[in-house]
Amino acid sequence: MLITNTDRTRQDQQDLDTSRPWLVLAIGLGIYALIMATGTRLLDDPDSHWHVHVGARILAEGHFPQTDPYSHSFAGAPWIAKEWLSQVLFAAAHRIGGWFGVVALTALAAALAIALLSRELLARLPLVPALALTGFALLCTIQHLLARPHVLAMPAMVLWFVLLFRAAEAARVPSLAALPLMAWWSNLHGSFTFGLAFGGLLVIEAAMRAAPADRLRLVLGWGAFGLAALAAACLHPYGPEVIVAAFRVLDLGAAKTVIMEWRPQDFSSFGLFEAFLLAGLGLALVLGLRLSPFRTVLLLLLLHLALSHFRHVTTLGFIAPLVVAPALARRPAPVPAGPTGARLAAAMALGLAGLVAVTGLTAAAGRHFTPAPRWMPEAALAAARAAGLTGPVLNDYAFGGFLIARGVPTFIDGRAELYGGPFVVETIRAMGLKDVARLDAILDGGQVQWTLLEPSTPAVAYLDRRPGWRRVFADEVAVVHAREARR
52 MLITNTDRTR QDQQDLDTSR PWLVLAIGLG IYALIMATGT RLLDDPDSHW
102 HVHVGARILA EGHFPQTDPY SHSFAGAPWI AKEWLSQVLF AAAHRIGGWF
152 GVVALTALAA ALAIALLSRE LLARLPLVPA LALTGFALLC TIQHLLARPH
202 VLAMPAMVLW FVLLFRAAEA ARVPSLAALP LMAWWSNLHG SFTFGLAFGG
252 LLVIEAAMRA APADRLRLVL GWGAFGLAAL AAACLHPYGP EVIVAAFRVL
302 DLGAAKTVIM EWRPQDFSSF GLFEAFLLAG LGLALVLGLR LSPFRTVLLL
352 LLLHLALSHF RHVTTLGFIA PLVVAPALAR RPAPVPAGPT GARLAAAMAL
402 GLAGLVAVTG LTAAAGRHFT PAPRWMPEAA LAAARAAGLT GPVLNDYAFG
452 GFLIARGVPT FIDGRAELYG GPFVVETIRA MGLKDVARLD AILDGGQVQW
502 TLLEPSTPAV AYLDRRPGWR RVFADEVAVV HAREARR
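Just so we're on the same page, this note's numbering is the position in the sequence shown counted from 1, plus 51.
The set of hints was computed from the structure by calculation and includes no laboratory data. Predicted, not measured: the structure shown is a model, and the values here were computed from it. No false leads were slipped in.
Now the in silico label distances, taken between C-beta atoms and shown as ranges:
no.	residue 1	residue 2	range
1	G458	W73	42 to 52 Å
2	L323	P509	25 to 35 Å
3	E527	L336	44 to 54 Å
4	E527	D486	19 to 29 Å
5	L342	G496	48 to 58 Å
6	R299	H419	30 to 40 Å
7	P315	D491	24 to 34 Å
8	P315	G277	25 to 35 Å
For every residue, glycine included, the Cβ atom is placed at its ideal position computed from N, Cα and C.
Input sequences plus hints: build the corresponding full structure.
As structure tokens, this is what we get:
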């Protein structure tokens, strides 16, 4: 019997459809194992400390803060724990398994997000481009993979955009099933505002695909869905205030130039992001990739965000594959058929067993995850306490999370939306000796009694020479100075 290329392609697709749940499961478990194997790097961020502490305090006290309880410079100022759900989940994981539990939770969220994306891509693309785009998402994710709330929000982000892209391509209003996702997302991380704004743009594609007679009805339906999504985002302990707080983060102004994750991409040396950006452009040219004008605008917008701010590389990794998928597909993009009940139950059982096995093997191998020592000036704080140092401290930005976790009121920390852009910039410039007058004003104000700074901070040498101050302790992590008692 003659077997045509069409028959072979159809058979290959049927084989792929049959194996898809297991392939997605393998991708998810593989990525989870990979992240767990390198779990220490997830804790290489000073903000992980205060996120866990805030969550633990919410669990212990049973209420949500309305004012700042952690700093001395802005004590009592309005502040909300807008990412409370992520913080509570981190605190619960820490209570159960210490920092190992925090790493496992973070790895699970990241692996789940990439597995969900791979499921959508495998449903609409040939195997090779689907896996290539999944790999692209993984490479983008590891650029900013840390034990912080944005990672716990990744699965919600992927599912939200999968549902919205499906609706736009089918010229219909998104399913109400997306609304609980928005409520979940808004309680996890402030990036939900991106989901509302960028997702809202897809009404344009839906209208372009619809018959002219249906466009007004469709646009009104999307508008109603958008209002419902906005209301769902406000199902939060702080209500609509969470939206205001999210926009405060976006309004940091010049502070974005001094906070690492908000800085633009640096192409002064060849890096991973530049490598896969150039590779992607090269493949697009070789393959003759053709996007619709609207999809081209969406892709350029995502590229602009990723180039402007380091933190948005993750967003590019998850959303860009959904943008370019139609141009790579050999067939229309139907809603993928789910596995049968028995297959789904088997896949879920195997997935749970795999998670337990990977986690257990990691623990049995003696992996002991601890935060990066460079953000933990334990010896310096112990020396300060042994020397009887009390009162307000002037600390480096990077030590704020550690101090919050140790119950020491901070001068500044990673909650930039509390302090505002001008205060963050002024403080960092002062400690970098770019504004010595500002540093003198801080020190001469009489409030600061001791300092906890990184050895590389220029203010350390300045304090060594400054009358009225003495060095108390120094190691490779931190230096402590104390104000000399007036005689």
